[in-house]
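Asker: Letter by letter, the chains look like this.
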Amino acid sequence: MNVDREAAEQILLSQVLGLAVAGPLAVVDTEAAIFVVLAEDQQDWLVRFEKDGQFPAAEWAHHMVDVYNDRLRRGDTGDRWQARPPGMHLDG
Amino acid sequence: MDPAESTVEAGAVKSAGGTGSAREFEVCPVDQLPPGGHVIRQAGNRQLGVFNVDGEYYALPNICPHQTGPACQGKYLVGAVRAGEDTDWIPEWIFDGQVMVCPWHGLEYHVPTGKCLAFPNISLRRYHVFVRDDMIMVRL
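The listed protein sequences derive, respectively, from chains C and Z. Sequential numbering from 1 applies to the first sequence in this note's numbering. Sequential numbering from 1001 applies to the second sequence in this note's numbering.
If we strip away everything but chain C, and leave its shape as in the complex, we get (with noise of 0.2 Å):
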């Protein structure tokens, strides 16, 4: 398949489903901190969890990542998560 339109359907496919990112994402680990990143392109980061004392960085990267590809895989538009009425959201 094309790239260009491999991109183009994965983006339509995440707008269609509401989620945040076309692709799956992946864990970048570096020695001050740990970078979720999208898979595609690893210096493109959405989320940083500072390595620093007791806090689990590691842990929460991957459980992100994991949560995340899995409903990619799935097809999860995470309606069954909310736990606010619809017209909290900003869409509602």
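Please note: incorrect hints may appear among the correct ones.
[Said to hold, decoys possible] Quick list of simulated restraints, FRET-style, between CB atoms:
hint, chain 1, residue 1, chain 2, residue 2, range
1, C, 50, Z, 1086, 16 to 24 Å
2, Z, 1029, C, 70, 32 to 40 Å
3, Z, 1085, C, 70, 24 to 32 Å
Source of the hints: derived by calculation from the structure; they are not laboratory data. We put the beta carbon where it would ideally sit given N, CA and C, even for glycine.
Add chain Z to chain C, keeping to what the hints say.
Answerer: What follows is chain Z alone, placed relative to chain C:
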């Protein structure tokens, strides 16, 4: 007018090209994002929340590190309560109008810094936001 009510439409933003590997995207005209308002926009392969906090613009990824919910999609910007030894454990209201609340499980983030209030070791990325010809732009 309730600023949240004026910015409810989420939609794709238009790429304005850019130089090198940086990509720029149109968000909306400045008059469509008043102080206290925010919008959700698609910028390339991700959703962003773009905020106007007291006249300053900020953009954060619309994903919560907790359970990957839509962190920026809470309807209102609020503040937070804190208490500590320095306040003799008397609660004080801080960051008024600067805090977004993930609508899934209520994790709070300070929009200007991207920091999670409950877990300060966690920071969302802040994207560069600027205005060009009365159009709010974001650069990835």
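Asker: Does the Cβ-Cβ separation between residue 50 of chain C and residue 1086 of chain Z fall within 16 to 24 Å?
Answerer: Holds - the Cβ-Cβ distance for residue 50 of chain C and residue 1086 of chain Z, about 22 Å, lies within 16 to 24 Å.
Asker: For residue 1085 of chain Z and residue 70 of chain C, compare the CB-CB distance with the range 24 to 32 Å and indicate the outcome.
Answerer: At roughly 41 Å between Cβ atoms, residue 70 of chain C and residue 1085 of chain Z fall outside 24 to 32 Å, so the hint is violated.
Asker: Return holds or violated for the Cβ distance of residue 1029 of chain Z and residue 70 of chain C against the range 32 to 40 Å.
Answerer: Distance hint for residue 1029 of chain Z, residue 70 of chain C holds at roughly 38 Å.
The structure fails hint 3 only (numbered hints given earlier).
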